[in-house]
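Numbers 1 to 378, taken from UniProt numbering, label the letters of the sequence shown in order.
In silico lysine-lysine, BS3-like type, Cα no more than 30 Å apart, as pairs:
#, residue 1, residue 2
1, Lys-178, Lys-95
2, Lys-173, Lys-369
3, Lys-369, Lys-178
4, Lys-163, Lys-106
5, Lys-178, Lys-310
6, Lys-310, Lys-10
7, Lys-106, Lys-95
8, Lys-106, Lys-160
9, Lys-35, Lys-95
10, Lys-160, Lys-35
11, Lys-173, Lys-163
If you are wondering where the hints come from, they were derived from the structure by calculation, not from laboratory data.
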Amino acid sequence: MDFELPDEVKEFCDVTRDIVRDLLPYELEFQETGKVPPIVRQTLIDNGYFGLGLPEEYGGLGMGALAQCAVQIELARLPPQFWTELRPLMGPGAKNILNHGTPEQKARLIPGMVDGTIPIAFALTEPHCGSDLASMRTTAVRQGKGWVINGSKTYISNGKNAKEVIVYAYTDKSAGRKGISAFLMNAETPGYSIDGTIPLMGTATPGVYEMSFNECFVPADALLGEEGAAFGYALEGLNEGRLNVGATAVGMGEYALELAIDQAKTRPAFGGVIADFQAIRHYIATMATDMRAARLILLDACWRYDQGEKRRELASMAKLFATEAGSRTVDTAVQIFGGSGYCRGFAVERMYRDIRITRIYEGSTEIQKNTIARELLR
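Generate coordinates for the entire structure from the input sequences, incorporating the hints supplied.
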């Protein structure tokens, strides 16, 4: 057994750590203005991060799950708003296109995804259906040489910026899950609109979006993959998406641990520093153990995924443990910082808000437990 990252992955992680160090000073400007400085996005594009998981033949880096997650652990030191556009490019949306797009669809979209000129959005969640995909109400009905889409979606990341939207809809409601299809829809399509922004406590700026489809006509070649097969596409993409969320939580948790250790060694109390007290030492010990376990369970799941073991329970275990452990660690870091940890301008306060969503999106903690148990009891 070799628990070390491959040399090429380690090298890219080192480069990423340097880039993150250069970009972290821009966090203060972001916190003051609420806007991500343009240099952040351009730096990530120039250094290939938009193409981490996209094929080399289209200009990407072609990294597997292990490399992508190792790099995301480093990126997670930055405010997530700095790299929120990368998530659809490594999650279900991009995987749908890579695994099921036609050669024409890939050639049209992927080069622009790599160079940042074609942002994408993954439109699956609806106001009355999150984890229960079969309850979606958006429909796509055949009309002439295409389809007409009607319905709505909510909590869509990158919705306002996206130039291409992957829309899930029922093409045959009577077929249940086997009647769900996916479509590639240009954001300029008549009838498509962004209806509102939902402000969040963290993660995305200005928030996530509500969108609606009113008689949106898309041509026949907008169908992504096979008609009626998209329920499986969603689950397939969610496995890697869950690993990515786990990586974000590991990165935040490890950064919070580092900050907490520094704080414990320098914060004065009763003639010494707070690291002199057993209660703080026990906090640090628990945090470090949690984060080591989270990193190992995540990277093991990623490595096995790259070897072809695309087992749902492994991705769910990684997301479940990493997000819960990361959240505990960030929470304890705030406790170690005391009043300062509750003040804007401190990274632990920002991470406290940002990490909370990792236990909800890409399948909540409860959904992960259901998935793990179902797979083990088959």
